[in-house]
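Position chains B, C and D relative to chain A; hints supplied.
Protein chains in written order, with my numbering: chain A, 1 to 384; chain B, 1 to 384; chain C, 1 to 376; chain D, 1 to 376.
By construction, these hints were calculated from the structure, which means they are not laboratory data. Don't take every hint at face value.
Claimed, not checked - Below are the DSS-like pairs computed for lysine-lysine, each with C-alpha atoms no more than 30 Å apart in a straight line:
no. : chain 1 : residue 1 : chain 2 : residue 2
1   : A       : 349       : A       : 376
2   : A       : 66        : A       : 152
3   : A       : 349       : D       : 47
4   : D       : 262       : B       : 376
5   : B       : 48        : B       : 28
6   : C       : 38        : B       : 349
7   : B       : 236       : C       : 265
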Amino acid sequence: MADLVQFREATRAWLETNCPAEMRVPMKSEKDACWGGRKFVFQSPAQKQWLEVMGARGWTVPDWPKEYGGGGLSAAETKVLKEEMAAIGARSPLMSFGISMLGPAILKFGNEEQKKKYLGEIARGEIRWCQGYSEPGAGSDLAGLQTKAEDKGDHYLVNGQKVWTSYADEADWIFCLVRTSTESKHGGISFLLFDMESPGVSTKPILLISGNSPFCETFFDDVEVPKNQLIGVENKGWDVAKYLLGHEREMISGMGLGGERQALGASVGGVDDPLLRAEIAEFDVDSLAFAAMSEKFIDQLKAGEAHPAMPSMMKYAGTELNKRRHELAMAAGGSDALEWDSERSRGGKLPREWLRTKANSIEGGTSEVQLGIVAKHILRLPGA
Amino acid sequence: MADLVQFREATRAWLETNCPAEMRVPMKSEKDACWGGRKFVFQSPAQKQWLEVMGARGWTVPDWPKEYGGGGLSAAETKVLKEEMAAIGARSPLMSFGISMLGPAILKFGNEEQKKKYLGEIARGEIRWCQGYSEPGAGSDLAGLQTKAEDKGDHYLVNGQKVWTSYADEADWIFCLVRTSTESKHGGISFLLFDMESPGVSTKPILLISGNSPFCETFFDDVEVPKNQLIGVENKGWDVAKYLLGHEREMISGMGLGGERQALGASVGGVDDPLLRAEIAEFDVDSLAFAAMSEKFIDQLKAGEAHPAMPSMMKYAGTELNKRRHELAMAAGGSDALEWDSERSRGGKLPREWLRTKANSIEGGTSEVQLGIVAKHILRLPGA
Amino acid sequence: MMILTDDQRMLQDVVRPFMAEEGAIKTQLRHWRDTGCKDGFGHGLWKQLAELGLTGILIPEAAGGAGLGQVEANLVLEEIGRNLTPSPFLTTSVAAVRALEESAQAERWYPGIVAGETVAALAVDEAKSHNPAATALEARRQGNGFLLNGAKQFVVYGASADLLLVAARTAGTAGETTGVTLFAVPRDTAGVNVENVALADSSKAARLTLVDVALDADAVVGEVDDGWAPLSRALGAGRAGAASELVGIAAGASEMTFDYLKQRKQFGRLIGEFQVLQHRAAHLYGEIEIARAAAHKAAQLIDAGDPRADLFTAVAKAKAGKVARLAVQEGIQMHGGIGMTDEHDIGLYMKRQAVIDELFGGPRYQAGEVARLSGY
Amino acid sequence: MMILTDDQRMLQDVVRPFMAEEGAIKTQLRHWRDTGCKDGFGHGLWKQLAELGLTGILIPEAAGGAGLGQVEANLVLEEIGRNLTPSPFLTTSVAAVRALEESAQAERWYPGIVAGETVAALAVDEAKSHNPAATALEARRQGNGFLLNGAKQFVVYGASADLLLVAARTAGTAGETTGVTLFAVPRDTAGVNVENVALADSSKAARLTLVDVALDADAVVGEVDDGWAPLSRALGAGRAGAASELVGIAAGASEMTFDYLKQRKQFGRLIGEFQVLQHRAAHLYGEIEIARAAAHKAAQLIDAGDPRADLFTAVAKAKAGKVARLAVQEGIQMHGGIGMTDEHDIGLYMKRQAVIDELFGGPRYQAGEVARLSGY
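Looking at chain A on its own, in the form it has when it is part of the complex (with noise of 0.2 Å):
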């Protein structure tokens, strides 16, 4: 306990001397994070610095071990440097899915090298990776996956293609579910991971209906694959992807957990008409009500006590409600909202924003989907 209250001290301090007062100013939109690797562009040579000096000390992945480039810390000294950063307002160092997805499944499956390689790449934030699950076709389907990966003895070879790969075109690697007998449907699935630079990987931007493009399609003709980027067992990797699902699926639950717990009505300024105004404070209801859920689930979570379904619940409530938001968000804009390009509808964000929300119960598997998770493992409804 008098080693945390030092460790706060020496943090506090080291943080008040290496983080750059630029660092220190809320981001004003995804645009302003720092995403690492080979083609990124820093912003300020703040953000780079900053980077750097977290990157060098391992805390970009505070509880990751040492060894692997992260900063060793328990989880009470990671929570204290979480504090400390959130008092000087400190961006986070890196945006990442190495550190978000990948990472944790290579410290589980990762044989000793992998995790010497990839883990300090992704602490550093030296590589940006992007994940291959999807695939056109598939959909919630994931396990129906076609990509092939033939043995060709001290390589894999890749074929096939991958849809939704979020900004595929400025990720150095992929993470990426193959096949590798189609034997059985689960059980011939392998976790590969590649440069995206390996002769014949295309990436082709997806435009959404928002007008916004952050997905790819990703085509694989002839990749060759080393077998040392095989992770975990040959035709075992659906046991990693469900890891990874998992992950993915807390943090997606996770998403309007943090903010948003303002009333809706008094931020869309000034509900005159009065069945909006009963509509929005019915979404309100439900919304703060949410809020609550949010919190008693972070605690469970923390306390290890929430049903490893939960996320589900979580997932598939929060995201219904995320688009009930932008919905009555568009109604109290009225036809202001329904620019496109103008002031009025803030640059056009409203209606984009409304339009990407309908994806909210798609991505990361489909409220169905979700809903037939809860009746299953929480309800244990026959035949689910």
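Leaving out everything else, chains B, C and D in the frame of chain A:
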């Protein structure tokens, strides 16, 4: 056309002479209706007289053939009769499951002898019928029935139990689905008629959550039913049942079609709460739109243009709407409406009717069953 | 921290089996209903609750109570809801106790409540819908005391109550929160006329007519013209407690329904195998979890004296009411015909839900409060 | 009689294939959007509609039109909705034509509309939400004429319009229906400033700023201070027409979705085999039927000059809006990821729904009208 004008004049004159003044006053409730049958106690000489004169003319069932006790009227003449009755506010002379359900089935499936006997009795209101379809544990799966009818040469020996027989304790005869073969589920069902005073028949009223008991459990213990009381072909009773169920569904889907077109908000009297007002306005949008649909549906039925599965859609939408109507009426009634027996809840009518509506989406095929029918027969979705 | 403490879990471990046994539907609700009991609840159970230390759960230890908080009271109420146990616990041990808090009247009434001998009721509503600011029942000064005239309704267990807490207007006009004064009125006071009314759930609520009811000045709870403070305390506690009772009703109804889905066959399959019922059940499950969290949050904020307590209490009452309504409606629909019979318990859940949902303001009143407290 | 007459069916048999071909999403909506057309619709199609006699569908035969009614106009609009065909038909041939009815201005503008050469737009809204009674744009008398100053928004196809029908205030204050006057303003009148705004569905709506726009007295449509009459006629027709367009949007989106349910496999099964999707599809089907009946009823009442026309028009617009919203939401959800891409048409339905739903008052405005017209 000229004939029709003449018919209208003659009908008007006849009604003027023969419809007692008391029978031109609107009914206050179902209790004012004339149900006929052996046990019926007429509320007034006028009620009895009205049934007799109409029954003698066959005008209780104006479009049935004359030889079976009907009026032998054409569709156009039947319409004229109804219009003329409506013009003077004449009550229906007879409420009868025999008319609305059994009669059409006997007309279609019965033999000559059966038509003569049963249709005449129905037309004159001599026999009150009840329906023996549902069985305990069968629920929506009507064809899963277990009541057994063994072939004993000249008669069937019936053993088993029915539930949800409306007014079984007041009815004279029952039309009843029984199992005459276990070889196939739908193929082993037969359609029998028998006297409720037959030895071995007993009934027990079911107390509902509304506190009323319009339904009974009905028990058959070695009931002997003469073979000439089988309608249609042995083991083909499911055809009769389906035909009859179609009628029932149309009747139920038509229940909300006549009246209730007034806005709910106008009838509950004073909606102070703006949130309740908003919900009621939302309801009235749905309700008045459904009124338009009901009008269209009736026109489609008349023109023979209604899809055969359309009654399922109407039954589903109408009953769900009716449940919502009563939920809102209760909300508007506040704590007054919760009083079980006081004048403030109209003698308890408000809460009892509210509770009663919960059966709307269960009886006559659940909402789930209706949606399944629409999915299968209208949308033709696979595996529906 | 939104998960229960060890002490709270221990309390739950005591109350849950107790209520499932002693407070069971057959033992309590059906028994008192079918024997036509005028109270609609059992004094024996009330005494048992006292022996468990529950009737005085919110009363300070110094005054002989358990000195616990709203969170603990809510744990009891969830079990009461789950078993539809008829009991004056909510009105007496939660609402009335909070109203009397730190007033001179507390000394007079707390011992009886702790002992399970006294029943108290809240007399607030004057019309079919809850609207405490609209209080119009007149309290005119007379000598050192007051003369009360007016009517109240939906006074739950009012006919069985020893103590009536009556909101009256001493100043201002209906619609204003100032000028309301709260009076502690023994039910046997001259001029208090009580009509005992059976509600749909076979609980009882009184209609009161007060004709020239003369009270001493010390009948005032809190300050004259400032009864809004104790009244709000009582209503806040009552609403938060009702939220937990509604969560219990939802939980009881849905557990019964989920079990039924695993037993009942239709078309040759367990009905729980039908995907539409699975998804509706899963949705309902989630909603109940959310409502429980909301009720818990409201209780915590009340206990912490947090300024957001009123907002979250309104959220919790509205949410729990809506969710419990969904639970009983799905319950009846999924049970099918059997659920419409008096013999089956699921219908009793529907009736009780309707009453508790309306008590201390229905979901629309509460949602309106959410809007008002959020400044829109 | 709520089923179509033989003549109406014949009209439908002409318009449906025409719009499916000539008005198809690829041919019209995507074409004009992707080529960045400033109008957002095709003048060629507008001319074709004229050749079919549709642009003057509501114009009396004596004035060269088809002399048909709202029911017939709605049949056209359902097909427009189904194909998301961008067209000034609703604002010009329905709303504006009804506004000009029996006015001196009709003679001037009807021939161009019949010929498919003139486009007209309704300038009513002055804030983000529809509220015609709140009209505040000032029309001051000046000499024999008027001087107009103020702003309008959400003037659909206003930048491409030859004629702007502008609601202005000549007397009274915002909120009053009397004192509103309707003016026929050629778009090229001096002082009319037009900002052409792209909407989410890639249709165009103008924001107008009127600065000292001088008009002769004969620019008045109907009577001075009594513009509420022609305005209500136009809005009523526009709303009833929008209801049918929304029904068409719902029908188009849902048909596309129901087809997808029969083709798309997941987990080794056609997704249409999943019971939850079946039931939701069946529910949606029913809702669309109901919305279509409501729109038809409103149109019939308008044609009959029935006093219930306003009530049922509000019902139809609200219902069709809600149902179309359900249809596009279910459409995207059931399509999954592919529905989120610009390449797929289902997202276009969602965008168009949002715009038509808001046009001439959204579902909440309409439901409020239902309450008001029903006296509560």
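Checked hints:
1. A/349 <-> A/376: violated (38 Å)
2. A/66 <-> A/152: violated (36 Å)
3. A/349 <-> D/47: Distance ~36 Å between residue 349 of chain A and residue 47 of chain D Cα, so the pair is violated.
4. D/262 <-> B/376: With Cα atoms ~12 Å apart, residue 262 of chain D and residue 376 of chain B stay inside 30 Å; holds.
5. B/48 <-> B/28: holds (18 Å)
6. C/38 <-> B/349: It holds: about 22 Å lies between the C-alpha atoms, which stays within 30 Å.
7. B/236 <-> C/265: It holds: about 25 Å lies between the C-alpha atoms, which stays within 30 Å.
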